[in-house]
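Enquirer: Heads up: the protein sequence lines correspond to chains Z and U, in order.
All residue numbers for the first sequence refer to my numbering, where the first residue is 1 and numbers rise by one.
All residue numbers for the second sequence refer to my numbering, where the first residue is 1 and numbers rise by one.
Just so you know, these hints were derived from the structure itself, not from any lab.
Glycine included, each C-beta is placed from N, C-alpha and C at the ideal position.
Incorrect hints may appear among the rest.
As the list claims (entries may be wrong) - Below 25 Å or equal to it, Euclidean Cα-Cα: the simulated BS3-like pairs (lysine-lysine) are:
| id | chain 1 | residue 1 | chain 2 | residue 2 |
| --- | --- | --- | --- | --- |
| 1 | U | K100 | Z | K101 |
| 2 | Z | K161 | U | K168 |
| 3 | U | K168 | U | K100 |
Claimed, not checked - Reference excerpt, derived from the structure (chain Z facing chain U, CB under 7 Å, subset only):
| id | residue |
| --- | --- |
| 4 | M69 |
| 5 | T75 |
| 6 | Q151 |
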Amino acid sequence: MLDSLPYELPELVTRAPLDTHRSTVLPEWVDWNGHMNVAFYVTAFDQASGAFMRNMGLGRRYVDGKLGMTFVLETHVTYDREMREGAPMRFTTQLLARDAKRVHLFHEMFHGGQGYLAATNETIVMNIDYATRRAAPWPAPVAVRLEELWQTHKDLPRPAKAGRVMGLSKK
Amino acid sequence: MKLPPYPLIDLDLAAPFDQHRTTVLPEWIDWNGHMNVGFYVVAFDKATDTLCNQFGCSWEYTREKVGMTFVLEAHVTYDREVKEGDPLRITSQILDHDAKRLHFIHCMYHGTEGYLAATNELMLMNIDYETRRSAPWPAWAMERLDKMAAAHKKLPVPQQAGRLIGIKRKK
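Using the sequences provided together with the hints, build the complete structure.
Expert: Shown next, in the form of structure tokens:
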């Protein structure tokens with residue numbers, strides 16, 4: 001485990017849920033159906049996970065400094081409503097669980113102007129050692145920040161769309 | 001509609017369906033030096049097009065303004081890294097279907113080394129072109145979906161299907 005990180009960490013945001021990430025639907029994210037393609041919802045959510053990691057102190061410098069990386073193990077998306085080119089997006093992020101190496105996150109994507117829920121993303125992200133490319137415990141200062149965030153997120157209600165198993169419910 | 005306004009291709013009843021091939025493009029690589037999580041879904045979405053072409057609900061379906069297919073929900077497991085230029089083989093297995101929806105799973109393999117790189121479980125819905133709302137599969141599509149589903153029924157359900165996301169605690 002890394003005992004420290006060789007750069008200054010940003011001020012920790014502990015709002016519950018986190019509500020800082022914003023983005024816009026890019027022209028190249030739109031497909032032949034005239035809306036944001038399924039894959040780019042995942043890209044947009046991955047950037048929200050990136051914002052979560054930057055808040056933890058694991059931004060670009062973590063990778064560029066060859067200290068470590070974070071890999072997504074698994075992701076579940078619900079597509080709730082279409083988004084068109086240029087639509088502003090607002091993301092909220094809830095920490096559902098954490099352990100020594102992993103976080104379990106739940107993102108919601110809203111249309112930034114109209115406010116409707118466009119999609120949700122439940123995801124597991126793991127810390128990776130740069131040299132071995134294998135799982136490794138969070139750096140010590142990150143573990144401290146995760147605990148601090150957990151204290152504000154642990155009592156949030158569990159989102160209704162978290163923990164879904166896919167299937168056709170027969171009527 | 002009894003028949004689509006374009007020719008249907010020969011139906012392939014191999015179980016699983018095993019036609020889609022692609023290669024990891026340079027622009028699919030992220031700062032971690034491997035295919036980015038979003039582009040796994042780009043690759044899988046193109047495999048969905050190949051699958052839908054089997055029952056006449058792919059490119060021409062939308063180009064001829066007959067209908068569209070929308071993804072309602074997606075679950076991805078990232079099992080192993082793939083790098084730039086890697087050949088990919090994607091198989092598709094139908095798990096269930098009803099009058100409007102299709103539940104299936106793609107498995108992505110490294111094309112030459114053979115290892116499982118990722119899986120993508122999907123719920124797809126048929127959409128009326130005009131109203132952009134759900135609609136029953138056209139008759140020609142339903143007939144073919146029934147045949148494919150019957151051919152795939154004998155396959156074991158992959159362990160990645162029906163997953164619930166969570167951090168599993170070791171006892």
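Enquirer: Does Q151 of chain Z pass the interface hint, meaning its C-beta sits closer than 7 Å to a C-beta of chain U?
Expert: Status violated, d = 18 Å.
Enquirer: Under the criterion that the straight-line Cα-Cα distance not exceed 25 Å, is the pair K168 of chain U, K100 of chain U satisfied?
Expert: Violated, at about 35 Å.
Enquirer: Quick check on M69 of chain Z please, does its C-beta sit within 7 Å of some C-beta on chain U?
Expert: holds, 5 Å
Enquirer: Was the hint right that T75 of chain Z lines chain U, CB cutoff 7 Å?
Expert: Holds: closest Cβ of chain U sits about 5 Å from T75 of chain Z, inside 7 Å.
Enquirer: Keeping to a limit of 25 Å between CA atoms, is the pair of K161 of chain Z and K168 of chain U held or broken?
Expert: Holds - the C-alpha atoms of K168 of chain U and K161 of chain Z are around 19 Å apart, at most 25 Å.
Enquirer: Check the hint pairing K100 of chain U with K101 of chain Z against an upper bound of 25 Å on the C-alpha distance.
Expert: violated, 41 Å
Comparing the model with each earlier hint shows violations of hints 1, 3 and 6; every other hint is respected.
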